[in-house]
Every structure is written in C-alpha cells, then in structure tokens.
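Colleague: The primary structure of each chain is shown beneath.
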Amino acid sequence: MDIDTPADLNWKEYMVDRLDAGVILVDRELRVLFWNHFMVMHTGRGAEQVVGKNLLEQFPELPQRWLKRKVEGVFVLKNQAFSSWEQRPYLFKLAHNRPMTGGVDAMYQDLSFMPVLDMGGQVMAVCVSLKDVTDAAIYAMQLKEARATLEKEKTEQQSLIKKLEQAQSQLLQSEKMAAIGQLAAGVAHEINNPVGFIKSNVTSMKKYAHDMVKLLDTYIDSEPQLQPDSKQLEQIKQIKDEIDFEYLVEDIDSLIEETIEGVDRVSKIVKDLKDFSHVDQGEWDYEDLHHCLDSTLNVAWNELKYKAEIVKDYGDLPQVYCMGSQINQVFLNMLVNAAHAIANRGTISITTRHQGHHVGISITDNGKGMDEEQQRRVFEPFFTTKPVGKGTGLGMSLSYGIIEKHHGKINLQSAPGEGTTFTIVLPVEGPARQEDKD
Amino acid sequence: MNKQQEFSEDQRDCLQEICNIAMGQAADSLARLLERFITLSVPAIRFISSDNLDAELNQLIGASTVSAVRQGFFSAHGDQGLRGESIIVFSETDLAGLAELTALEDEPANEMEEEELLLDIANVLCGACLNGIAAQLEQELGYSAPSMIGVNIPLRTLVNHRQVTWDQALSIKIGYSLESHSFQCDMLLLLPTSSVDELKRILDLFLED
Ligand SMILES: Nc1ncnc2c1ncn2[C@@H]1O[C@H](COP(=O)(O)OP(=O)(O)O)[C@@H](O)[C@H]1O
Ligand SMILES: [Mg+2]
Numbered sequence: 000m001d002i003d004t005p006a007d008l009n010w011k012e013y014m015v016d017r018l019d020a021g022v023i024l025v026d027r028e029l030r031v032l033f034w035n036h037f038m039v040m041h042t043g044r045g046a047e048q049v050v051g052k053n054l055l056e057q058f059p060e061l062p063q064r065w066l067k068r069k070v071e072g073v074f075v076l077k078n079q080a081f082s083s084w085e086q087r088p089y090l091f092k093l094a095h096n097r098p099m100t101g102g103v104d105a106m107y108q109d110l111s112f113m114p115v116l117d118m119g120g121q122v123m124a125v126c127v128s129l130k131d132v133t134d135a136a137i138y139a140m141q142l143k144e145a146r147a148t149l150e151k152e153k154t155e156q157q158s159l160i161k162k163l164e165q166a167q168s169q170l171l172q173s174e175k176m177a178a179i180g181q182l183a184a185g186v187a188h189e190i191n192n193p194v195g196f197i198k199s200n201v202t203s204m205k206k207y208a209h210d211m212v213k214l215l216d217t218y219i220d221s222e223p224q225l226q227p228d229s230k231q232l233e234q235i236k237q238i239k240d241e242i243d244f245e246y247l248v249e250d251i252d253s254l255i256e257e258t259i260e261g262v263d264r265v266s267k268i269v270k271d272l273k274d275f276s277h278v279d280q281g282e283w284d285y286e287d288l289h290h291c292l293d294s295t296l297n298v299a300w301n302e303l304k305y306k307a308e309i310v311k312d313y314g315d316l317p318q319v320y321c322m323g324s325q326i327n328q329v330f331l332n333m334l335v336n337a338a339h340a341i342a343n344r345g346t347i348s349i350t351t352r353h354q355g356h357h358v359g360i361s362i363t364d365n366g367k368g369m370d371e372e373q374q375r376r377v378f379e380p381f382f383t384t385k386p387v388g389k390g391t392g393l394g395m396s397l398s399y400g401i402i403e404k405h406h407g408k409i410n411l412q413s414a415p416g417e418g419t420t421f422t423i424v425l426p427v428e429g430p431a432r433q434e435d436k437d
Numbered sequence: 000m001n002k003q004q005e006f007s008e009d010q011r012d013c014l015q016e017i018c019n020i021a022m023g024q025a026a027d028s029l030a031r032l033l034e035r036f037i038t039l040s041v042p043a044i045r046f047i048s049s050d051n052l053d054a055e056l057n058q059l060i061g062a063s064t065v066s067a068v069r070q071g072f073f074s075a076h077g078d079q080g081l082r083g084e085s086i087i088v089f090s091e092t093d094l095a096g097l098a099e100l101t102a103l104e105d106e107p108a109n110e111m112e113e114e115e116l117l118l119d120i121a122n123v124l125c126g127a128c129l130n131g132i133a134a135q136l137e138q139e140l141g142y143s144a145p146s147m148i149g150v151n152i153p154l155r156t157l158v159n160h161r162q163v164t165w166d167q168a169l170s171i172k173i174g175y176s177l178e179s180h181s182f183q184c185d186m187l188l189l190l191p192t193s194s195v196d197e198l199k200r201i202l203d204l205f206l207e208d
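Going down the list, the protein sequences come from chains A and B.
According to numbering that gives the first Met the number 0, the first sequence is numbered sequentially starting from 0.
According to numbering that gives the first Met the number 0, the second sequence is numbered sequentially starting from 0.
Don't take every hint at face value.
[Said to hold, decoys possible] From the structure, some residues in chain B lie toward chain A, with a derived Cβ separation under 7 Å:
#1 Leu32
#2 Glu114
#3 Tyr142
[What the hints assert, rightly or not] Just the calculated beta-carbon pair ranges, DEER-fashion:
#4 A:Leu171 to B:Asp50: 46 to 54 Å
#5 B:Thr164 to A:Thr154: 33 to 41 Å
#6 B:Ser143 to A:Met123: 18 to 26 Å
#7 A:Lys389 to B:Glu91: 42 to 50 Å
#8 A:Ser168 to B:Thr64: 32 to 40 Å
#9 B:Ser193 to A:Pro62: 34 to 42 Å
#10 A:Arg375 to B:Asp50: 27 to 35 Å
#11 B:Thr64 to A:Pro62: 24 to 32 Å
#12 A:Leu149 to B:Ser146: 19 to 27 Å
#13 A:Glu60 to B:Ser146: 22 to 30 Å
[Unchecked claim] Taking lysine to any residue pairs in the SDA-like style, the calculated list, with each CA pair at most 20 Å apart, reads:
#14 A:Lys77 to B:Asn151
#15 A:Lys143 to B:Ser146
#16 A:Lys143 to B:Met111
#17 A:Lys77 to B:Ile37
#18 A:Lys404 to A:His357
#19 A:Lys69 to B:Ala30
#20 A:Lys77 to B:Ile20
#21 A:Lys143 to B:Glu113
#22 A:Lys77 to B:Gln135
#23 A:Lys67 to B:Glu113
#24 A:Lys130 to B:Ala144
#25 A:Lys92 to B:Met111
#26 A:Lys77 to B:Ile17
#27 A:Lys92 to B:Ala30
#28 A:Lys77 to B:Ala26
#29 A:Lys143 to B:Asn151
#30 A:Lys69 to B:Asn151
#31 A:Lys69 to B:Glu34
#32 A:Lys143 to B:Glu110
#33 A:Lys69 to B:Glu112
#34 A:Lys69 to B:Arg35
#35 A:Lys67 to B:Ile17
#36 A:Lys77 to B:Gly71
In short, the hints are calculated from the structure, not lab data.
Even glycine gets a Cβ: it sits at the ideal position worked out from N, Cα and C.
Given only the sequences and the hints, what does the whole structure look like? Please build it.
Modeller: What follows is the structure in structure tokens.
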C-alpha cells in the first residue's frame, strides 16, 4: 500500500481516498479531518501533514473570508453549497493537466460543500469535493470567445454595410451633381450664344441711338426756321411734351449702359459656371488662384450674400500648377461651410500669400467654431453636425483628399464661439515638380 | 392537451401549511446566518401552463428586466421521484444590499464576483426553503449546482420556449425582502406534471398520518 495511504483505512474509506476528485472533510473551525489521495497528489502535502491542522494556516493563499462564510453557511443551514469555475476558476491553485498543450494557468475546479450530519441530525463536518473541470472550462471559454468574435464581426459588418449604403447614396448624390454640372456647362454654352448677340446688338443699338439723337438734334436746331404758331410747330411741341423728350434723350443712354452692364454680368456668371463645372475635370495646368477664388465666390454668391461680408486680402501669387476645377471645389466647400457656421451675419475673410515654393490661402469666418472633438473629426468621411439634407459630411473629407493629391496641407484653427480658419498650403509647382526640389 | 392538474382541497391545504411552516423555519435560519431579518411572503401555490408562459411570468414577477439563477432539485427514486427546478429572480438587485446580505463587507469588485454572489444567495434561499419542506414530508432532497440564467436580461427570455417540454407545472412562489435594503427577489419552485403526481402521493401519505 502507498505510503500516502494511512494504514487504518477500510476498503470504503480507501475508495473515497482513491476517488478521482478531491475530497476534504473539515470541521466548523476549518480543521482538516480528512484529506484524500487526489489532494495529496495535487498539493504535494501528505495527509499526515494536513490532517488535524487548520486549512487556512496550511494554505494561507486561500480566500479566507469566502471559505469561512461558505462552511459556516453549511453548518447553519444544513444545506449543500456550491462554487463554479465560471465565477471562481479555482479554490486551490493546483497544477493543471496540460503542461504541453496549455491554455490555462491552473486546474479549473467545481466545488461542492456537503453537510455531514451526526446521529442527532446536527452538522458535524463539511465535506468539500473538488472536481477538475479544466478541459470543459477551456472548451466553454473557447466557445464563448468564438461567439464574442462572431458577435463583434457581425456588428462591424453591420456598420460597414451602413457605411456602404451611405457611400452609395453619396455616390448617387455626386453622380447627380456631376450630371447637373454637365447640364450647367451645356446650358451655359447655350446661353452664351444669345448673350453674345444680345451684347453685340445692344452695342449696335447704342451707336444707332446716338446717331438718331444726333439727327434729331439737327432737326431741333432747324426748328426756329418754322413759321411761329404754325400747325407743325404746335404738333412738335405736343409730342415732345407727350414723350418727355428731354428725359428720354437723357435716359436712353443710361438704359443702354445698364443693359450692357447686365449682359456683361450674365456672360461673366455663365463663364464662371463653365469654368467651375469644367468638363475637362482633372486637368493639370498653371492656374491663377485669385481667378479661381473669384469665380467660386461668384458661383456661391447666393449662399453667401445674406450671411457674410466678404473681405479679400489678396497677396502676390504666382500661377500655381494644380487641377483648377478641384481646387475650386475645395474653395467652395470651405466658403459654404463658413457661411453655414455663421448664424446671422458675419465676415468671411480670404487671405492669400506666397512664400518660397508654396502659396497659402486662408479662409476665416467668425462663426460658431468647433470644439476639440469636431476639430479632430472634420476630415472624417460622413462626419457632420448638420441636419439631414443639409450636411453630408463629405465636403471636408473630399477637400482633404484633393489637397493631399496636390501634396499640399490643410491646417485648421478654431475656437468654439469665435470662429474658424482653414489654411490651404499648396506647392507652386504641383506634386511632381515639387519633388525634384525637396 | 392533458387534463387540468389540480389538488384536492385537502392536498392543497396540506401543501400550503407545509410551505408556511417551512418558510417560518427558513426565515429563522436565514436570520441566524445573515444576522438580519428577512421577510418572506406567504407562498403562493398555483398551476401554470406553458402555453401562455410569458403572461404567467409577467403576473408572477412583474419586473421586465431581471437577473436570474436556476437550480435543480430531486428526491430519491430517479425519475419516479420529485424532480424540479427553482428559478430565483432578482428584480431589484441592489448589490450593496446583496454584499451585506452575505456578510461581505466590500462590494463585489467585478462581474464574476457579482455573479458568484447571486449564485450563493440563490443557493442559500433555495436550500433553506426546500429543506424545510422536504423535512416535513420526510423526503431527502439533493441539489444540482446553481447556474446563471443571465444578468439584466428581459423577463421573457427567462425560459427558452423552444426547450420547454411540459404543458403544465406547479409553481410555488416565495418573495424575499430584506429589511432596510432595497433588495427584492422571488423564488419560483417549479415542478412538472409528472412530479406533481408523486407530490400528491406523498401528500396523501402525509395526510393519512
Ligand atoms: N467653418 C466651420 N465652422 C464650424 N464648423 C465647421 C466648419 N467647417 C466644417 N465644420 C464642421 O465640420 C463638419 C464637416 O464638414 P463637411 O465635411 O463639409 O460636411 P458638411 O458640411 O456636409 O457637414 C461640419 O458638419 C461642421 O460641424
Ligand atoms: Mg460642407
């Protein structure tokens, strides 16, 4: 017989001793009354070392308060108590059975605390049984982990799907915008023709009117040669009064001037619209950025005029190698954002500077500004603080992409309640040529 | 559909009386263990059917979000004996109150300890009552380890309808509350019809004495 097996065990006791589970008997003070072979093997402490001693003194690392309460509960209620690995992986920190395959730090245990009654029905001891559930626990944990991963992937997929949907509707939207742009370019072209001949006709008319007035003046000069009180003179006077001749002659000039001015404005807007909705999108060329800014201002005028006074501070800029229509797009986004940020009426300043190989364009508004979180997220696609229909959250993210393509930078300064400045820095020679210099 | 289960008047009175006495004893031993007075409601005995389980649970519990623990219990005689489950439903789980209830001074630090507390309390409440009932009927009960149904789950997910294999069950509901704490929990002792016949037999034996 093993040296670990006390010699005075009968066969029933011997069976309990050899059970493939830990069996410990303790009294109310947690003195150990029985300590089976399983415990000996796994703790390395023989029964003769432990029996008769206080369990907590022998194993000071055990959760003292918890264990006392558990055993006391069994004594008072005469009721079995339990502990599961799920909440408490182990009571005794024992080596596990997976030194090679691993996966856990100790043997996982399910415990039960059984009251042992004396003849009088009083609890005299508590039998603690300890089951090794390491393998089941590992399996359960892996399952749980797998489920959590699946769950996480599912939510990620859902948010991706949502983003895709948004992107798709955004694509539709930009498709629509592109179509409108094309249409606008087409319409602009169509308008250009009549505007052209209106202008040339009005210019001719101006000359004709001049000539006619010259002729009339000559007639008027010859009026004194008519018989005074003659019927003709009477008639002339009557008609002059009727048509307010003096005023008419004066007004005809300014009418025609105004008309020419109007036609000029129409043709300028049409031209800007054409520039802006460039069908030749994505063409690299040297552009006059001031011209770009002005034509963008013109296009956005409707959005801006009630919101802000525009203050321009243009420096001396060289021509910049860029994609004009795309840079226009960036200016437009920033100007519209600035106008949106202004609640009632404010100022939008546009400053341009040239320094070395770079130019800087700043657009400053004195609108509501952005807090830190907003500043961090402005360039994020779909980030918007505007109500549905007004904001898509794409403007700044697109702008960022465009400026990046130009090897430029967008800097941002903002304070809530005070306003915002976006500064675009572009290499004068565009991305490709700039690299040679750097 | 099975015929409607019912007790005879004698059986019902007897069971009610046994439960009342068991509750008294349970309250007593719990008070000793926890050094605090626990109020137990008079056990409410009724039959419930699985057809309208949701409505039944609503009526029994009332709260819509709960934390719950289940535990199986069984007498001797294998599946001829009494086999049931108790479901302990915590509807107003004030953890500070719970920690005190189990004489733990510190509040549970993490989710696992919180669950362990719920399991312990469920085991204690359940054992205290069932042991009292079993002792009077001269039966011996064994218990399975309690396990979590869930923490803060909707009441209607308490029982998985697809797993229910019974039509009718006996339900004994006991409410617990702790003086001076917002702690409220209900214990449902549930016996399927097959065990009810055994219970009736035991009650009849008891009545003969
Ligand atoms: N000049 C500005 N002042 C204050 N907030 C701004 C300004 N420009 C951008 N923002 C903030 O950044 C967000 C994203 O802008 P943008 O990408 O253009 O999308 P959208 O204008 O469609 O909301 C805006 O909703 C706004 O909250
Ligand atoms: Mg915008």
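Colleague: For this structure, which hints from the list above don't hold up?
Modeller: 10, 14, 27, 30, 35
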